[in-house]
Amino acid sequence: MNGATLSDVALLVPELILVGMSVALIVLARRIKNTPIAATGTVLAALGAGMYSFWAVSEGTQVGFGGMLILDGYSQFFKVLIAATLALVALLSVRSHDLEEVPRGEYHALLLLASTGMMLAVSSLDLLTLYLGLELMTLCSYILVGIAVDRPTSNEAAIKYFLLGSFASALLLYGIALTYGLTGATNYQAVASVITGQGLTENPLLLVAIGLVAAGLAFKIAVVPFHAWAPDAYQGAGAPVAGFLAAGSKAVGLAALGRVSLTAFGEETYVLSLVLAGLAALSIVVGSIVALAQTDMKRLLAYSAIAHAGYALMGLMAGTREGISATMTYAFFYVFMTLGTFGVVIALGERGRTLDGYKGLARQRPGTAALMLLFLLSLTGIPPTGGFVAKFVVILSAVRAGYVGLAVLAVACSVISAFVYMRVAVFMYMREPEEPAPSSFPVAVSAALAVAALVTLIGGISPGILTVWAVSP
Amino acid sequence: MSYPVLTVTTFLPLAGGVLILLLGSERLARWVALITTLATVAVSVPLYRGFDKTSSTLQFVESRDWIPNWNIAYGMGVDGISLPFIFLASLLGVLCIGASWSAIQTRTREFYAALLVAETAMIGLFAASNLFLFYIFWELILVPVFLLIGVWGGPGRVYASIKFLLFTLAGSVFMLVGMIALYQALGTLDFRALALARDSLDSSQQAWLFAAFLAAFAVKVPMFPVHTWLPDAHTEAPTAGSVILAGILLKMGAYGFLRVSIPVLPDAVQLFLTPMLVVSVVAIVYGAYVTLVQTDVKRLIAFSSISHMGFVTLGIFTLDQGGVEGAVLQMINHGIISAALFLCVGMIYERTHTREINDYGGVAKAAPVYSTLLGLFCLAGTGFPGLNSFVGEFLIIGGAFRTHALLGAMAVWGVVLGTAYLVWLYYRVVMGQINPGLEGLKLELNIREVATLAPLVLFAVCLGLYPDLVLSYLRAPVAALLAGGVTP
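Going down the list, the protein sequences come from chains A and B. Going by the numbering used here, the first sequence runs without a break in its numbering and finishes at 475. Going by the numbering used here, the second sequence runs without a break in its numbering and finishes at 554.
Please keep in mind that the hints were generated in silico from the structure rather than gathered at the bench. Each residue gets a CB set at the ideal place from its N, CA and C atoms; glycine is no exception. Take these hints with a grain of salt, some might be off.
[To be verified] Short derived list, chain B residues pointing at chain A, Cβ under 8 Å:
#, residue
1, L104
2, V107
3, N135
4, E205
5, V224
6, K229
7, L232
8, L235
9, V243
10, F450
[Stated by the list, open to error] Derived CB-CB ranges, DEER-like:
#, chain 1, residue 1, chain 2, residue 2, range
11, B, Q250, A, G280, 18 to 26 Å
12, B, Q271, A, T271, 21 to 29 Å
13, A, T7, B, N137, 40 to 48 Å
14, B, S68, A, A295, 55 to 63 Å
15, B, I101, A, A12, 55 to 63 Å
16, B, P434, A, L294, 52 to 60 Å
17, A, A295, B, V489, 44 to 52 Å
18, A, I463, B, G498, 50 to 58 Å
19, B, A169, A, E436, 50 to 58 Å
Okay, chain A solo, but in the shape it has when bound:
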């Protein structure tokens, strides 16, 4: 292993763009008085990083930093998705009443750093870089959750998230250590070749290691039973931060799990598949049912996110390239529809917090209600929305993998969650308004909603565009 060369650095351009903007925002933090400047900077950095990632892959797969990082279609896909998440969250943060007292420079700098960690995690080809990327993301997330220092709920959420999060990080690290102890390697491909070379597939320690790595990543994805942090963290955090965690953290966890399970532990498909099937089934059932009882929108969306994480895992469970590409499709649409939903919650301000606030929205703001209906239908999985395409591909891969029972369970639970989402629609369309109409939104919020709605709708009508692109490593 030699020192990093210039071509290695080229792999990190998107991350460097984000870090650069982040440093600039921190330096200028005291001078930034109004939000739009910080948000604009963040959106520009996200666009730069996203566009660079989008075009960079035309030069083919590149591995750098001694096999630690990789640039391929898979990492490109997720980097673009992370950049989109970052840009949408930055737009949505422009006027969120949860975050009014928050110093803008630091807030956006943390968003940028967390996204940098996400990008590192999705492009890592080594358990250690994966860990570093995830930790960078998680550490920034702890602060983001607790950034509204004057609100006790925000502090409480941050502490809970931190305690459970560090526990999960320890699990992941322990899994990595065990893997290293057994195979003497942390690089995915090296781990895989040692496992096959030394016939470790039956080794119980390896199974423990795989279980620990899967558990650590399951925490980031927030699947049952590693989900306990999510409802509290989402509820206590500002709505844009909750959206960022729901969309970004989940996508990254899925990306990492996908690559690890296919590359490093590809020989252990059967074990992983059973573990993932169990996690998926639990998440879908628990998420759908517990969401029924929620009246706080952020908590409701948190449980919905847990259920969706379960659906997304159904792709990985198959352990095949098609399955991983199904999960990629799921993650893609999930990010946009969930950020769209959070966007409406944010746009409505104080009213958006509880279910009751949506009463009569269709009378007062028919456009906003229609957008929310679109996102809810997509979350339910009703065509022609992206959510339907996502559900179609993951159920297809579950059926292909022979898990027909799980597929039936998943669709049965989607009827339960239909009730959850349609209850919001009932409040919007079939009840009389009780509160004055919400004030008009800033352009940035409307723009974010429009982008999310367009992707959800166009992706649903012509999924061909995306499916060509969602190709597993």
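Fit chain B to the known structure of chain A by using the hints.
Here is chain B on its own, set in the frame of chain A:
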């Protein structure tokens, strides 16, 4: 003319709906909706003029790449079975606008937009030539109908709309799994290709797939015992919603049997034949008895649909040429008659604001034209010779007697009960002394309302006197369907 007729017919209403939302004018909404639905009928004319009745193949086929890497195409095409439904859907689309003209006073823009989206889904479902597209339209219709019931419906509308949505969704998610399993097994979702490749499914696979599709179709039809959403939804829906539900939505499930279950899963059809026939007859008789005791006019007509749709599924599962032809004809007939009855009820409800039968009586004196038309539709519903239902029921019962005589005999009992509840309804509403509560109300229909009902009168009479109008379309495709190796 050279335009993709089916695509234009399907998506024109959607375009009209979007236009209504964009225009932002509450006053213009109904005019735009009326023009759109009339234009939809107009652009569909080449379908009827250019259709070859002697052929059982799909006609006006359109196929375009849609999701190439999944081998799923955007495919449209009609045969003699689907064509009458496209006509019915586009006709009822116009009449729904007529029925809502003065009844809908709040949020008219959204109302007409929802109505038009529903029309697109109804037409598209019957025009789709592959299962994927079929499924998309199948689910798409849930949303506008959910809103139509829940926003513009009666007092129990929210409960009814949620119940409707959850019931139908619970059925259709199993169809989703079934569709995916079919796709996984056969690698295609095109209806014709599925039927050609069906031999590679073994009989247990077929049975499971049949059960999955049955879950979706049975809820939509609705078959006994998953019919309980129907009375609530039909009763609480606004008139236009009831017309869509009774006229088209109920036909979607029966059409699914003809399009998917019978051609693709013949072994399973044989396996499930007896239960399906028994459940159909139970629906006929049980539905009729429950109808007899209803005291709410709209609820009565809603329950009668369960009985009538029992005839349809009975006819389909006789797997007899006459029985299946009769079933399809009866679907059209029921679409016309139940739509007409719901329109009649809606028109008088607009004036009296009551649906209790006891609040009516003696309407004939105040509204002779209305009473005449209602009488005609009630007679048509009972299967009176010379009116449309007679032919359909005759063919179905004939088919049942040829294959399962006992079930045929029980179905005849359903006809008798059907006569009883409709004639009794007519007697209580129209005959006798005028109910004091109705004094002073202007009950007679206006020109717009007569014009709304007129096409239905025309078709009820024409189909009664000359059923070949529809039957001639059905002969070839039904023969081909049954010759697919499933005739007992």
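Okay, the hints, checked on the actual structure:
With its C-beta approaching chain A no nearer than about 26 Å, L104 (chain B) sits outside the 8 Å limit, and its interface hint is violated. The interface hint given for V107 (chain B) is broken, as the beta carbon of that residue sits about 25 Å from the closest beta carbon of chain A, more than 8 Å. Using the Cβ-Cβ criterion of 8 Å, the hint placing N135 (chain B) at the interface with chain A is satisfied: the shortest such distance is roughly 6 Å. With a least beta-carbon distance of about 5 Å to chain A, the hint placing E205 (chain B) at the interface is held under the 8 Å criterion.
With a cut of 8 Å, the hint placing V224 (chain B) at the interface with chain A holds, because the nearest CB-to-CB distance is about 5 Å. Because the closest C-beta pair between K229 (chain B) and chain A is about 11 Å apart, greater than 8 Å, the hint is violated. Because the beta carbon of L232 (chain B) sits about 6 Å from the nearest beta carbon in chain A, less than 8 Å, this interface hint is met. Against a cut-off of 8 Å between C-beta atoms, the interface hint on L235 (chain B) holds, since the closest Cβ of chain A lies about 5 Å away.
Checking V243 (chain B) against chain A: minimum C-beta separation of about 5 Å stays under 8 Å; hint holds. Hint status for F450 (chain B): violated, given a least beta-carbon distance of 40 Å to chain A, over 8 Å. In this structure the supplied range 18 to 26 Å holds for Q250 (chain B) paired with G280 (chain A), their Cβ-Cβ distance being about 23 Å. A hinted range of 21 to 29 Å for the beta carbons of Q271 (chain B) and T271 (chain A) is consistent with their spacing of about 25 Å.
A C-beta distance of roughly 44 Å is found between T7 (chain A) and N137 (chain B), which places it inside the suggested range of 40 to 48 Å. The hinted window of 55 to 63 Å between S68 (chain B) and A295 (chain A) holds, with their beta carbons roughly 57 Å apart. Roughly 59 Å separates the CB atoms of I101 (chain B) and A12 (chain A), a value that falls within the hinted 55 to 63 Å. For P434 (chain B) and L294 (chain A), the hinted distance range of 52 to 60 Å is satisfied, since their beta carbons lie about 54 Å from each other.
Remark: the range hint 44 to 52 Å for A295 (chain A) to V489 (chain B) is upheld by a beta-carbon distance near 50 Å. The supplied range of 50 to 58 Å is met by I463 (chain A) and G498 (chain B), whose beta-carbon atoms lie about 57 Å from each other. The supplied range of 50 to 58 Å is broken by A169 (chain B) and E436 (chain A), whose beta-carbon atoms lie about 27 Å from each other.
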